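2 protein chains.
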Amino acid sequence: MTWRFCLSPGLQNVGAIHFFCNYEESRGNYLVDVDGNRMLDVYTQISSIPIGYNHPALMKVMTNPNNVSAFVNRPALGILPPENFPDKLIESLLSIAPSGMTRVQTMACGSCSNENAFKTMFIWYRNKERGYANPSEQEVGTCMINQSPGCPDLSILSFMGAFHGRTLGCLATTHSKVIHKLDIPSFDWPIAPFPKLQYPLEEFVRENAQEEARCLEEVEDLIVKWRQKGKPVAGIVIEPIQAEGGDNHASPDFFIKLRNIARKHGCAFHVDEVQTGGGTTGKFWAHEHWGLDDPADVVSFSKKLLTGGYYHRDELQPDKPYRIFNTWMGDPSKNLFLSEVLNVIRRENLLEEVTRSGKALLQGLYALQTQYPHILSRARGQGTFCAIDACNDATRDSIMIKARNKGLFMGSCGEKTIRFRPTLVFKEYHVHQLLNILNDVLAEHK
Amino acid sequence: MTWRFCLSPGLQNVGAIHFFCNYEESRGNYLVDVDGNRMLDVYTQISSIPIGYNHPALMKVMTNPNNVSAFVNRPALGILPPENFPDKLIESLLSIAPSGMTRVQTMACGSCSNENAFKTMFIWYRNKERGYANPSEQEVGTCMINQSPGCPDLSILSFMGAFHGRTLGCLATTHSKVIHKLDIPSFDWPIAPFPKLQYPLEEFVRENAQEEARCLEEVEDLIVKWRQKGKPVAGIVIEPIQAEGGDNHASPDFFIKLRNIARKHGCAFHVDEVQTGGGTTGKFWAHEHWGLDDPADVVSFSKKLLTGGYYHRDELQPDKPYRIFNTWMGDPSKNLFLSEVLNVIRRENLLEEVTRSGKALLQGLYALQTQYPHILSRARGQGTFCAIDACNDATRDSIMIKARNKGLFMGSCGEKTIRFRPTLVFKEYHVHQLLNILNDVLAEHK
Chain A
2 MTWRFCLSPG
12 LQNVGAIHFF
22 CNYEESRGNY
32 LVDVDGNRML
42 DVYTQISSIP
52 IGYNHPALMK
62 VMTNPNNVSA
72 FVNRPALGIL
82 PPENFPDKLI
92 ESLLSIAPSG
102 MTRVQTMACG
112 SCSNENAFKT
122 MFIWYRNKER
132 GYANPSEQEV
142 GTCMINQSPG
152 CPDLSILSFM
162 GAFHGRTLGC
172 LATTHSKVIH
182 KLDIPSFDWP
192 IAPFPKLQYP
202 LEEFVRENAQ
212 EEARCLEEVE
222 DLIVKWRQKG
232 KPVAGIVIEP
242 IQAEGGDNHA
252 SPDFFIKLRN
262 IARKHGCAFH
272 VDEVQTGGGT
282 TGKFWAHEHW
292 GLDDPADVVS
302 FSKKLLTGGY
312 YHRDELQPDK
322 PYRIFNTWMG
332 DPSKNLFLSE
342 VLNVIRRENL
352 LEEVTRSGKA
362 LLQGLYALQT
372 QYPHILSRAR
382 GQGTFCAIDA
392 CNDATRDSIM
402 IKARNKGLFM
412 GSCGEKTIRF
422 RPTLVFKEYH
432 VHQLLNILND
442 VLAEHK
Chain B
2 MTWRFCLSPG
12 LQNVGAIHFF
22 CNYEESRGNY
32 LVDVDGNRML
42 DVYTQISSIP
52 IGYNHPALMK
62 VMTNPNNVSA
72 FVNRPALGIL
82 PPENFPDKLI
92 ESLLSIAPSG
102 MTRVQTMACG
112 SCSNENAFKT
122 MFIWYRNKER
132 GYANPSEQEV
142 GTCMINQSPG
152 CPDLSILSFM
162 GAFHGRTLGC
172 LATTHSKVIH
182 KLDIPSFDWP
192 IAPFPKLQYP
202 LEEFVRENAQ
212 EEARCLEEVE
222 DLIVKWRQKG
232 KPVAGIVIEP
242 IQAEGGDNHA
252 SPDFFIKLRN
262 IARKHGCAFH
272 VDEVQTGGGT
282 TGKFWAHEHW
292 GLDDPADVVS
302 FSKKLLTGGY
312 YHRDELQPDK
322 PYRIFNTWMG
332 DPSKNLFLSE
342 VLNVIRRENL
352 LEEVTRSGKA
362 LLQGLYALQT
372 QYPHILSRAR
382 GQGTFCAIDA
392 CNDATRDSIM
402 IKARNKGLFM
412 GSCGEKTIRF
422 RPTLVFKEYH
432 VHQLLNILND
442 VLAEHK
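Sequences listed follow chains A and B, in order. Counting from 1, position 61 in the first sequence corresponds to residue 62 in our numbering; the numbering is continuous, with no gaps. Counting from 1, position 249 in the second sequence corresponds to residue 250 in our numbering; the numbering is continuous, with no gaps.
Do not rely on the hints blindly, as some may be mistaken.
According to the in silico footprint, chain A covers these stretches of chain B (three or more CB under 8 angstroms from chain A) [unchecked claim]:
(1) 137 to 144
(2) 317 to 326
Distance ranges between label pairs, derived from CB positions [to be verified]:
(3) B:133 <-> A:395: 52 to 62 angstroms
(4) A:253 <-> B:137: 39 to 49 angstroms
(5) A:16 <-> B:221: 31 to 41 angstroms
Hints are computed from structural coordinates only; laboratory data are not their basis. Here the structure is a predicted model, which means the values were calculated and not measured. Heads up, the beta-carbon is just placed ideally off N, CA and C, and yes, glycines get one too.
Generate coordinates for the entire structure from the input sequences, incorporating the hints supplied.
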């Protein structure tokens, strides 16, 4: 197998490029590179390909003449939506709205979604604080020069290990890698510990419950402390599974209690499903595993949903137009693709498929870590959203490169974790192919 | 003429919606609403439609089978670009790179472009400060918890009246309207006055030069003051014409001196061409009117370019991969459309067309303000990027609604300004149609 690298003078981040791809030749779960190498792809463009490469249902969107206009005339959705936009929203995003959520706002990407979700929470919080009265003259005057009270000292509580994006607001809640954060100014916002659980979860129920209790206590302490500091917590943001930070899980009980803490202290509760959403955990939203009717105030999404955006409860609707606004406010052409993805998910019962494949994958990872305990540990997952740790980062990286040379393309996260992010059309026979290659690599590993 | 409004339960910002559109039936400079009303559109989706609705060249992109894959397989560009991506960049974005700029980074939207441009300047500035050494242990440790020195107290200097986007980093440099800023936490960054010039510029050369000198002096004072405060200015961000803030112009001399001040104080100079870029001023980039070989360190774009992104000088290239990164890093399908737009601009000499139409438009606006001096004043513009002020906001809004009912759709900006943002295929006969309708409205105005 050969790997061709190309230094392109005008490209900025060539250092991060793994290889160039032939997307025309890629199909389903298989990614093809420019040299014709065909790989089982379980990283899927950082978890953003929902039903595989070149899916016929998506190709059909392109060839339907009724759709051409949505691609060539990108509207300013906030002011001049296309006639069919409400219907398209109803058949796409609103058909999968999380429990209790009646509103959705599309955005261009995950970071913009979280930035605007934060703003929605700040606006809601300040409206509560001022009793829904008009802003004072002082607020109006100071906001234009970035000063309090117009630009208030509010904060968002986040968790160590979290990843919520890399624009400046999002980045103040992201704490997964130094390379994301270094040299970028930030906000003095509270950061709580995320539970460090022991796996398999079933074997460490008591220890894990203790760890989660410790973290929840810290959350409440931080909320009180930041209120005293004059920087009240307007919202809490959390991933159902910390993804970039190393696939860190917590129990439904932890999230239920955290949601209650948010309610008790008057903070909005924002569940960031940018990576976990879209069916990969076996439910459409990972937070559905918590079993709550009122799981959150805000749920943000992107990646597998093909458009960014966020849902929120009615109560968080901004009081005036143009408070949440930008030129494009999303992209209706992405909604067309999403509608088709949802049709395929329903027609082919893909969430059941994910649950089945996920069980096989996790069982296989358990078997591998039993067979290679000096190399692998901490297999964990929900649906096909699985991960396993190597003994160190060099070993992890070496396994990944060897696997790639045998036709398996995986992603990493955290310090020494391999993460599995296959499509929703990842079947049990793909699991076996994955496990066979991984087993070959491990058997050869010195 | 009737206007149908629809309250959609799942749409967030219904209050901002002007009307629903029939984009299929819209053509060239004419936007058609759901009731079949056909309007000459000189707002063009907030200045983001480059060559008109349903342009045949863009329709062809959709029907070319070679392009299907770019739409249905959106890659993670930073790690797995398509084979043809460097070539596509060379024939699209790099073919129009501003003078002195060899690097381009695509992004999904204007805000993300500016957020990442700011980050690029912060990284460059800190690398200079630490003499290109590795970060200290203290920096590595503190950055994960949002604290200095890892997250340093650096600032971006912006101008009163500026608009650079509405995510939290961008919003700290935006100072155009209260509704953008209220209730959102911000950074203590310096804000300089933008020159308040008198129009027509030719008639107030001396007064305007004095006003510009006053603002430049203030810029230098702020740079010194913020350095003393421990929040050094890493970059200066400015629009060549303040758009959202009310179409405020400044002279080439002002920008040349500002660029020199940035250089003298070691600050990066970031020209935000999100609204001014793409040919509407008669040159592809508005900063070309300054006549500089080295106009800026960073130039950001979006809207008419169809993709967001920013150019920068080689020197601002981040030292490591993954420092500027996100899942999608733009969207190659947008680059396909941009290539075609550029072909059309070249083939049809559209920049000359814009210059010609722009002259006719500005002359016409001068005539109108002479005829209706109690209603209109301060006509100004470059190319077709023109504007005129009404005597107050109520009058402005009333003129706009009456014009819309006569088939002319315009946008507003600032407090009482009408802004003209036609496509690049806006010909002299469109100008006359516009002026006729406007004249009719003004003649009837009480």
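Verification of the hints:
Counting residues of the region 137 to 144 of chain B whose CB falls under 8 angstroms from any CB of chain A gives 3; the rule of at least 3 is met. Taking a C-beta to C-beta cut-off of 8 angstroms, the region 317 to 326 of chain B contributes 8 residues in contact with chain A, enough for the three needed, and the coverage statement holds. The supplied range of 52 to 62 angstroms is broken by residue 133 (chain B) and residue 395 (chain A), whose beta-carbon atoms lie about 26 angstroms from each other. Checked against the given bound of 39 to 49 angstroms, the beta carbons of residue 253 (chain A) and residue 137 (chain B), roughly 41 angstroms apart, stay inside it.
Checked against the hint of 31 to 41 angstroms, the C-beta distance between residue 16 (chain A) and residue 221 (chain B) comes to roughly 37 angstroms, which is consistent with it.
Violated hints amount to a single one, hint 3; each of the other numbered hints is respected by the structure.
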